[in-house]
Structures are given as C-alpha cells and as structure tokens.
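Undergrad: Chains as they are written, first to last, in the working numbering: chain L, 1 to 336; chain X, 1 to 299; chain B, 1 to 347.
Do not take every clue at face value.
[To be verified] Derived lysine-lysine pairs resembling DSBU-like cross-links, with alpha carbons at most 30 angstroms apart: (1) B/K202 / B/K216; (2) B/K202 / B/K32; (3) B/K202 / L/K264; (4) L/K264 / B/K216; (5) L/K27 / B/K202; (6) L/K273 / B/K216; (7) B/K32 / B/K216; (8) B/K56 / L/K273; (9) B/K202 / L/K273.
To be clear, the hints were calculated from the coordinates, so they are not data collected in a lab.
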Amino acid sequence: MTHPDPAGAPPLLRLRDVRVAFGGGGKTVQALSGVDLDVRRGEAVALIGESGSGKSVTLRTLMRLHPPRHTRVEGEIRIEGQDVLAMSARQLAALRGPVVSMVFQEPLLALDPVYPIGNQIVEMIRRHEAIDAKAARARALSLFERVRIPSPQRRLEAYPHELSGGMRQRAMIALALACQPRLLLADEPTTALDATVQIQILLLLRELQRELQLAIVFVTHDIGAAAEIADRVAVMYGGRIVEQGSMAQLLQAPRHPYTIALLKSRAHGALRKGERLDTIAGSPPDLAALPPGCAFADRCTLALPACRERVPGLESLSADHAVRCLRADQTIGAIP
Amino acid sequence: MAYSRASAAVHAPQPAAVERSPGYWSNVWRRLRRDPAAMAAGSLILLLILMAVLAPWITPADPFHASMLRRLRPIGTPGYPLGSDELGRDLLSRLMLGARLSLFMGITPVIAAFVLGSALGVIAGYAGGMANTVIMRTVDVFYAFPSVLLAIALSGTLGAGIFNALVSLTIVFVPQIARVAESVTTQVRRSDYVDAARASGARSWTIVRVHVLSNVLGPIFVYATSLISVSMILASGLSFLGLGVRPPEPEWGLMLNTLRTAIYTQPWVAALPGVMIFVTSISFNLLSDGLRSAMEVKE
Amino acid sequence: MSATVLPAHADVGGPAQPLLSVRGLVKHFPLKQAPWQRREGTAVRAVDGVDFEVLKGETLGVVGESGCGKSTTARLVMQLLAQDRGELVFDGLTVGSHRLSLREFRRQAQMVFQDSYSSLNPRMTIEDSVAFAPTVHGVPRAQAVTAARELLERVGLQPQRFAGRYPHELSGGQRQRVNIARALALRPRLVILDEAVSALDKSVEAQVLNLLLDLKAAFGLTYLFISHDLNVVQYISDRVMVMYLGEVVELGPVQAVFHRPMHPYTQALLRSMPSMDPAQRTEAAPLAGDPPNPIDPPPGCRFHTRCAHARAICRQQAPELRRHGPHAVRCLIHQPESGYAASEALT
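Chain L extracted, bound-state conformation (with noise of 0.2 angstroms):
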C-alpha cells in the first residue's frame, strides 16, 4: 500500500523511524535511533556522516545484509511500497538483485575471486530470470560497454585481481545492474579510488541515473564526491539523520551546528597559510550509551540544557530543508 508524497508519485524507497541495534557480547549497540527518508525514481540521495553515524548501517538495513541473530530492527522500510522487514527469505531474494542492489567499497573483497566477473555476471542474471547462458553472456557483454570498460570481451573473462582498480569497481556496477534494479545502493564506492579515476566512476553513476531514471543511495564521508552526484543529501551523526535537504542548500545554508562544523574543517586552498582549521571538540558518542537528548550536545557550541532532555524532531525548514536542532534559527548564515 504506498503512500504518495506531496510531488504526486509514491517514493520508491520509504524509511520511517527505522531502529536498528546490534547485541551480543553484553552491551547493545543503537546504531540507528529513528531514520526517516524518501528517494523517489530517478533521484540520486548522498547519505554523509563519519565513522559511527550510521549511514552504512543505513544501507545495509535496507537490504537486510545484518545476521538476523543478533540484529535488531524496528520501524518501516518500504521498497516499492513493499514491507521490506516483513519479508520471507524467499521474497528478499527476490528483492536483491531485480529491485535493489549495492555497490561496496572495496570490489577486491565484494567479488569472488576464484571466478572470472564474466560468469558472476551471468549467475546472477541466471538466478532471477529464466533465459539461457548465451544470452545471458550476451547481457554481460552490453553491461561491461554501458559502463564503458574498455575492450569488454576479454574483460569479462578476467578474474577480479587482474583487473585495475578502476575496472574493478566498474565491473561491480555492471554486476549490480545486471537485473536492472531501480534502487542502486553505494556504500563509499569511489574512497578507495584515485581522484582522476573518482571523477570518471562519479560521472558514470551521473549518467546511469539519467539514462535508467536509476534511484541511487550515496554514502560516503566525502562532501565533494557527493556534491558531483546527488540531488539532495542527508546528514547523519549519531544514528540519526540531523539535516537533509537539496545539495545546494546543504553547502551554502547548511543550518545544524554539525553540518556547518564539518563544512569549516575541511581543508581547502582558499585558506590562509597557517590558519588552523576549525575543529569539532569532543568525539562521536558511544552508540552504547546514547544521551537521551541530542547526540551532538556535548561537542555543540550552541547547546542549551533543553537540548540535552529530549531529542530534537525533525522540522522542516522549507520545502526540502529539513533539520534536528532546537538551535537552528542561531545558525543562519553561518556559511559567508
């Protein structure tokens, strides 16, 4: 049963309060403390936070790639207006690969060694559609020169270690296209990569959104990279999203006391010689032991005691600038 947003058509990914919680070992960990997001068809969502805020944990949850023992997860996820957490093993199986599929980090790891990319392609085309292995290669064939590696026959008989970085991560977005999803979801693809060789990943990515109307779901750490590819962002700290809004918002108004901290401490050329850059006091909270206000109060500049009681709701600032902060009217124009 979807729900249509404001624009007219349902959301093609749906997160409303998501929790999720790892235990085992003692103590449990409150990874994530109530997400809330859209992505509709075609759109590109950059999801930004550092180690501990989440953001991979966010992905991950979405396809459900946590061993169900010691995970726990809360809350609504509605790909295509289907309960993604009430599904079979059977229907997930159906969900990856022909509806959602990822793209990790390091392809070294994400692909199997000991068979060429050429058959992994294949398998998984085989696995959800019925049509026999000439076609399927010949599917594989038209992946690699969409995504434009060079000299594509001789590549797909390639194992993944003879290929270069740049191929391989290449290769792992042909393999997640190969059923044609709709949602595409990244997980810090290009950190790993050279600049020069970022930028071409980047801009594929740019071109496949607009030529399969894909939807993709950025993460990284790096606000650069997400600038050149999304259309709106999230900020996540802490577990929880604390802005969001279109990616021009987010760098020229950004309005949480976070978003701005991180945005000043970056290092770029337009500083003066010797200018120390502005740094976040503190360190990230201990997802085992969450104040019960707001996450960032500790390291804020701008925190009262209210923010310490209660967690900030998410409120709208505009039409598509949203923000976690009771402080957010002191935090216009923080950005010259």
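Following the hints, position chains X and B against chain L.
TA: Then chains X and B, alone, in the frame of chain L:
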C-alpha cells in the same frame, strides 16, 4: 633550543598514577576461563599431572609386584580394581605410574622442539634471503618424511631407550615448529611497527627481542600445544615397537604392546592403556583449541 | 630534563642549505618469472630517477596516484629500502658515510605511517611504544618513559588515561597522535608523513592537521607530506611535488603549482577534484583510463599515452626536469629546443 623550552613548561610535579589496561595474556586467560571445554580439559590435565607426580606415593599396590597366579584378572577383582596385566601386576597402579613417563615423553620433546624450532624459524623469518633459504630448505628435508617413519628411523638408528626416543621425537617436531615460526615471523617482519623500529635505529637483535618475540611466541606456543598429543601417541608407538621405554618401566604405549595378546581374553583390561592415551590426547587438543580461540579474538 | 638527555642535533649547513637532498634515486623491484613465462617487462620500476630537495623548515607536499612511487620514495628516504642507485644528502652530509652514519641519520629523520593500527606493536603499551626509540639510543628506561608521557601530553593525549593502554583500545585519531609522539621521541629534524591523515575521519583529520602545524612551529620541524588528497596538500604545504610513474613531473611553490600548473598531468589531476558546486558540476572526466602499471612505462614521455597535448615527439624523447625559476616541470612543451612545436599531434 625549542625542545627544552617545551619540556620546561611541562615540568610540573608528577600527576596521578597512570591507568593500566590488563595485558594481552590476562585477557587471554579471562576468555579461556569462559570456555567450558577448555577448562574441563585443563582441569583433567592438571589432575593427570598431579597423579603422575604423586604416583610413587599414592599407588594402591606396588606397580612392579608380579604374580603369575593372578595374571589377567578382570576389572573389579578385589585387590585389582582395574584388573591385572599379563604378569599379574595391578593395572591401576601401573597406569598411575605410567602417567609419569607417558606425559614426560609427550611434553618434553615438544618443549625442546619449541625452543629449537622457534629459534630457527625466527632467525630464518627475520633474516630472510640466503639465511632463510638455507635454514628452511634444510628443515623441509626433514619435514618431507612422515613423522612416524622419521621417529622410527631415528630411534632405530640411535637405539632404544628413553633419552634416544626423546631426541628422535624432538627432531621430528623441530621442522614443524620451525615452519610455523618462520611463517609468523615473516608476517610480523612486514608490519609497520617493525619498520618503525628499524627506522629508529634499533639493531636487529633488539627488534627481535622487543617487538618480534612478543608477537610471535604466542601463535607458535598454541601450535606447539597441539603437538603434545601427537608426541604422546608417537612416544607410545615407539614404546610399543620396543624402541622407547623398556620393560619393566610402566608406560602406556609399552603396556598396550605387552597386553596385546590379552585382547582376546581380557579385552577391557587390554584396552585401558589406550583409553588413557586417548583421554590425555583429547584433553591436550581441547586445551590447545581453546587457547587458540582465546588468542585469536582481536578486540 | 628530558630534552637534554639526548643531545640536540647541530644545524650543520645553515639555513640556506637544504635539509635533505635526493639525487638520482632509482628503485626497481625485479619480477620473479619462470623461464617459460613471457612478460612485458622484467621489473616494477617504482622509482626511476627522482631528484628533489627539502628546505629547512618547510613542508614539501608530495602528490600522485597509485603506482607513482611516492610511498616507495618515502621508504627510500628513510632507508627502510635500499636504493639501487642514487644518494641522499642530509644537511650537506651523505647518509651512510663516515660523517653521518645510518644510525645517526635515523635519529634525525622519522616517519609516520598511514595505517595507525599496524604502526603500533599490539603487545606494547602506548608509553612503551613511544619510549622504545630513545632506549635504543642509550636513554635509561625511566627517563624515556617520563619523556614519553610528556610527549603524549604534547600531542593531546592525557598520560594518565592513555599511557598504560594498548593500541586496540584507542580510536584511529588517537593512535595517529601516538604515532606522531613516537616519531618525535628522538627529536628529529625531518618528519615524513606518509598518508598520515588519509585514513581518518574529516573532523579528526582537521584536529591532527592542526596538531602537526603546532608541533612544527614548537619543535622547528621540517615535513615531507605525502598525500593523495589535494585539498590537504594545498593547505599544509609550502612547496609541492607531483609524481607520475616513478618520476617527478612538476615541483614548485604550492600556489604556483595549484593555480598555474604547467604539466598536463597536474592540470588533469587538479581538474579531477570535485567542484563542490552543484550548479557547476564536472561534465567530463579530465583523464581517461587508469593509472598505468610501472612495470612497463611508455617510451619517451611516460604520460604521453593519456596526454591531451601529446605529439609524435613525445613518444620518442623523454623530457627532463627543467627549472623555470622556483617552478620545475618535466614536459617537452616547456622544452623549446626539443622540437615539440614542430612535431605533429597524436590523434
């Protein structure tokens, strides 16, 4: 100079004592304590060792007192709780005293091989190059022989007797330990902290002593403990073949040999020394496995 | 007290003399191949003739992509690898000569590695790790430990909390601070930072960069800062060196290189940086393909296979590193006598 200025400013009275984290081995011990199989095995081994040490004083009967009239009595015979052997000696007492030699011959060669093998392996692993090639290829020659065959061949050459059996078993185990030692040392050698130590001007021996050994001896030790059961069985095997312990000394392997013919008349009695070997080996293996698991977890 | 235990290093040559002079550094890693295997080349030519100087008190940034040889260069400078050819001159004295032994050089040059975890012995406490190097050079243990605690304080780690801990109990940023403390324990003059902040979160990276600036001023250090992050290099460096396939292709003051890059590779590299402006996104990748393999570098100019300005002459003649004032570049475009202008373009 800038340095003295900086440190003079910090020259305050010594602050409160430094918090100390439990070291690596205390953490290992803590994890091991929570492993029921390993703890049970460890307790059993301790009991066996205790029994072996106290054997001369606690055996119910004289292990060497023979009586041809009372040969091969079954289990439960009054005066012979576990029966009697082919010469009428109390089996329980012989098993208890036999623990001494069996355990001794199981553990001693492994300790000796641990020392020798680690030395060879660490040197080969750290030095690399020609030294590594010479040492490891020599070790490989011995490693190529199946251990039982090698043990028998060496024992046969050196002659029967406990000392010779210990020597041959040590030689059998040195290559195995050396290989593990070399492999682990090579890995550690490549790590950045060893490079950092080299970059600070430390000499090779200092680096090995301070950085390499503490990281390498643990895994080698775990591997060595898994060899104890093998050593016991090999030692028993050598005694069985007449190459190790000589009668009338009680040793479980030797007892298996001499009770061989009784397997048709008193099978339970004849099997008992084998049961002891089995139980002890399993215990060492379980302990070794538990140790490995406890050491593997990287927090 | 602790500072006078180790004798301070004398400045031998005065401020005008470069602290480190690298000349003709070459390092090839031979490939093991069976006689029946046919391979294109016989060795990985990781560093293939590198010359540069590090001036006293400066930060020299080194940028380049996979396979360019910057990490190998760092290890060669630290003499963790022995070079095939070439020499290192430290403050006018050749490293390894009788006037400057390797051991003495190692007191004056130290390195911070990228992987903060594997740089620390997992079985040693933090203070032991930091105190190790001075003990090697004869400092009594008690004094080395006291000095170590002072250093930990200096890098922002309270000794009471951290000195007795083990590496796995610390976060990445904290471990990297420990590594910096360890590198400073011998009071070196030159510190090589090999991707020292690359693996850290951005906010932690900012803290560590500030710390590095503070320490440089307080202790009068000289930095060789290797990184793939152009923003950070631009921020922290005085001069910057660009490497490609084992060679230095451009070297000069940081603003000159970043705002008026002369080498086509540098230009492409700078254009590959994300624009940070969603309204003006990059439309085309400045450079196609992947960084090539140093096993078999292209003939002539090594960059000609990917260069938008390549001409026929670039395939035949290898350019040399030519100085234009403080700015040096290795490109035939800037070598007028090479015949570049007359040569025809490669399609």
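Undergrad: If a hint holds in the structure, say so; if it doesn't, say that too.
TA: Comparing the hints with the structure gives:
1. Taken as a hint, the B/K202 and B/K216 pair is honoured in the structure, with Cα atoms around 21 angstroms apart against an allowance of 30 angstroms.
2. Note on B/K202 and B/K32: the hinted pairing is violated, with a Cα-Cα distance of about 40 angstroms set against a maximum of 30 angstroms.
3. Proximity of B/K202 to L/K264 is assessed by CA-CA distance (about 10 angstroms); at most 30 angstroms being required, the pair is judged to hold.
4. Our distance criterion of 30 angstroms between C-alpha atoms is met by L/K264 and B/K216, whose separation comes to about 23 angstroms.
5. Between L/K27 and B/K202, the direct Cα distance comes to roughly 28 angstroms. Compliance with the 30 angstroms bound is thereby established for this hinted pair.
6. In summary, the hint linking L/K273 to B/K216 is supported, as the alpha carbons are separated by about 14 angstroms, within the 30 angstroms threshold.
7. Using a Cα cut-off of 30 angstroms, the hinted pair B/K32 and B/K216 is violated, with the two alpha carbons roughly 43 angstroms apart.
8. Restraint check for B/K56 and L/K273: satisfied, since their Cα atoms lie roughly 17 angstroms apart, inside the 30 angstroms limit.
9. A threshold of 30 angstroms between alpha carbons decides the hint, and for B/K202 with L/K273 the separation of about 19 angstroms falls inside it, so the pair holds.
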